[in-house]
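Asks: Here is what each chain is made of, one letter per residue.
There are 4 protein chains.
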Amino acid sequence: MEPTIDLPDAVETATGWLTEQELANVRERVPMVYVDAVPVRVDHLGRVTKVGLLLRAMPDGTISRALVSGRVLWGETIREALWRHLTKDLGNDADPHLPSSPQPFTVVEYFPDPKRTGYHDPRQHKVALGFIVPIEGQPAASADSLDFGWVTPEEAVSEVVKSEMTAGHDRVVRMALGHAGVLP
Amino acid sequence: MEPTIDLPDAVETATGWLTEQELANVRERVPMVYVDAVPVRVDHLGRVTKVGLLLRAMPDGTISRALVSGRVLWGETIREALWRHLTKDLGNDADPHLPSSPQPFTVVEYFPDPKRTGYHDPRQHKVALGFIVPIEGQPAASADSLDFGWVTPEEAVSEVVKSEMTAGHDRVVRMALGHAGVLP
Amino acid sequence: MEPTIDLPDAVETATGWLTEQELANVRERVPMVYVDAVPVRVDHLGRVTKVGLLLRAMPDGTISRALVSGRVLWGETIREALWRHLTKDLGNDADPHLPSSPQPFTVVEYFPDPKRTGYHDPRQHKVALGFIVPIEGQPAASADSLDFGWVTPEEAVSEVVKSEMTAGHDRVVRMALGHAGVLP
Amino acid sequence: MEPTIDLPDAVETATGWLTEQELANVRERVPMVYVDAVPVRVDHLGRVTKVGLLLRAMPDGTISRALVSGRVLWGETIREALWRHLTKDLGNDADPHLPSSPQPFTVVEYFPDPKRTGYHDPRQHKVALGFIVPIEGQPAASADSLDFGWVTPEEAVSEVVKSEMTAGHDRVVRMALGHAGVLP
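Chains as they are written, first to last, in this note's numbering: chain L, 1 to 184; chain U, 1001 to 1184; chain R, 2001 to 2184; chain H, 3001 to 3184.
Calculated from the structure, these hints are not laboratory results. Even for Gly, the Cβ is constructed at its ideal location relative to N, Cα and C. Please note: incorrect hints may appear among the correct ones.
Which chain H residues stay away from chain U? Per the calculated CB distances, all over 10 Å, these [claimed, not checked]:
hint, residue
1, 3046
2, 3080
3, 3082
4, 3083
5, 3119
6, 3144
7, 3163
8, 3179
Some chain U residues near chain H, calculated using beta-carbon distances under 7 Å [what the hints assert, rightly or not]:
hint, residue
9, 1101
10, 1107
11, 1111
12, 1137
13, 1140
14, 1143
15, 1179
16, 1184
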């Protein structure tokens, strides 16, 4: 079985929106809307100094670094979904500062076929809106992840960190750093 | 019955992706991914000189001006969806020049509840990626629309044209003109 | 004599970068680099709820509402210029949150000829990078301005407020609101 | 003597805007406004398939690959400057398609001190607006450059090509590819 990034959908479906079976059916029929958030630390001038990465146990036994990524539910706005996933993954004290514009820095298209775009999700076709989100509080790894840690932009694009990311998240991180003007 | 913008889904479902009943079921469960394309004429310096608007008969008998808007299908990239809808609505001689970046100028969130965001689709929750698309060929109204016409930026934001648009498309047009730097 | 927006350059030149005569000479030879900041209040989801406008006495005796706008000095980064002008105009307790990306929402080109682009500065050709800046502290009108006040997006685009702005700043405000997804 | 990217200013000054001495004086007093254009080939869906790079003899004898980059003159719009530099560097048959929006994908700040931002111009402080420009015609190296050639996105970010670029242009290319969604 292949690694997947965002198990928490299983939890979400338990809240009554969709049963797992229903979600599986829908996933075969239409693209899913996702948000991909790149948590960052910024200095008082807004410059990105650190990138935040989750560390997650994957179903296949691998442990990978990952962005904060999750599905937009029916009836939920993109801002609400960003808030919900950031709060769930980084805790209630993270104090994420959501962007004032709905314009994402990029749109990432994940497909079950890893060769389609290079962005891969074995379970579904998903369209993820990418946002850089400054975190001003104290993030903490949640129940779903083993760890959350900050790395420098240089470390974020290093071969070591790159090799620890799957699904194409390493490229999303580099695009985010490019957008922020700090791609090494 | 309320006006809807993009009947063509009925046609798409006929191609075998989803039956109408299946699509109706899915629409109640997850947000749909759409593209909202604003066709424009530009001069040799890239400045927007005209905005293209469709004229469509709506199910309730009204006739409204509208953007080129349509669903992204399972397995289809956003660029492919843009191309498919522009070609379908403006004909094979339109010669649309798709943007070199996947960054939309905005993301528009339509809900069945018209008060949620002001962007309204009675059938579904949809997340539409907005793109400005220069048209360099000869567009022609297709079978799905009564007319296609060019208006100046001034006309596009006038009360007359505004009153002929529904679903919040008038606001999408103004945001596109703002992004293009020609909002009067 | 026509109204001008940013007298404070006179102060800056006093700090030793350029004498007023030197600045006048340079202004006739090359375009000046400016930042146009639109101060906003946002809610916890990042949505713009208010727009901040300065009220300034102009050389011709008029009083106009204006953005925070100012020159980028030699050797100064854009972020440093944004910080300097926001702090000077809104005070030390304003707590501006500068954007994490250097990508402006627009670039505004002001010319001495008011018909060139519709953006007007009688003294110079200037190229202004537009940024939306959330203000999280307590802004206060500085010595250079009579007042600073918050208006809603609806008020910001109203005919009354529009008639109180010169130089094309009303259009910059509308473009900013469009970019933020809250253009009424 | 250090390498410089855009000698052509010497030519421009000959057209009567500024003498070389005047330009040198101004350069010590205010930041210069530049455009950095990344020429690209796109397919019918707008996807970037190739990046265009100039090959230029530098004053120090080195030969470097470079973007199309040049100064915005007094009284000239950004679009006019883009057109002028692209036409001058790539010839009259290049058929550049300028972007419909004035929003650059980034703003690059070059300083005489190479450590300030990593973007370096020994002669001046310049603020360059970055644009991706699809080239639909037949570009040809002009008198100012030795060669113009297309490379793939993979080649553009390779160590070989990177080592042939100076001033930080390699990072601008990577940011452009990130913005276009094709950063390898």
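Asks: With reference to the structure, classify each hint as holding or not holding.
Replies: To see whether the hints hold, each was checked on the structure:
Not every CB of chain U lies more than 10 Å from the CB of residue 3046(H), the least distance being 3 Å, so the non-interface label is violated. With a least CB separation of 7 Å from chain U, residue 3080(H) falls inside the 10 Å interface cut-off, contrary to its annotation. Not every CB of chain U lies more than 10 Å from the CB of residue 3082(H), the least distance being 8 Å, so the non-interface label is violated. Interface exclusion of residue 3083(H) from chain U breaks down, the closest Cβ pair being 6 Å apart, not more than 10 Å.
At roughly 21 Å, the least C-beta separation between residue 3119(H) and chain U is larger than 10 Å, which holds for a residue marked as non-interface. Distance check on residue 3144(H): its Cβ is at least 22 Å (rounded) from any Cβ of chain U, clearing the 10 Å threshold; non-interface status holds. Residue 3163(H), annotated as away from the interface, keeps every beta carbon of chain U farther than 10 Å; the closest lies near 26 Å. At roughly 5 Å, the least C-beta separation between residue 3179(H) and chain U is not larger than 10 Å, which violates its mark as non-interface.
A distance limit of 7 Å between C-beta atoms decides the matter here; for residue 1101(U) the minimum to chain H is near 5 Å, and the interface restraint holds. With a cut of 7 Å, the hint placing residue 1107(U) at the interface with chain H is violated, because the nearest CB-to-CB distance is about 15 Å. Look at residue 1111(U): its Cβ only gets to about 27 Å from chain H, farther than 7 Å, so that hint breaks. Taking 7 Å as the C-beta cut-off, the interface hint given for residue 1137(U) is violated, the closest approach to chain H being about 12 Å.
Because the smallest distance between the Cβ of residue 1140(U) and any Cβ of chain H comes to about 19 Å, over 7 Å, the interface hint for this residue is violated. Taken as an interface hint, residue 1143(U) does not check out: its beta carbon lies about 23 Å from the nearest beta carbon of chain H, beyond 7 Å. The closest approach between the C-beta of residue 1179(U) and any C-beta of chain H is roughly 5 Å, which is under the 7 Å cut-off, so the hint is satisfied. Evaluation of the residue 1184(U) hint against chain H yields a violated restraint, the C-beta minimum of about 16 Å exceeding 7 Å.
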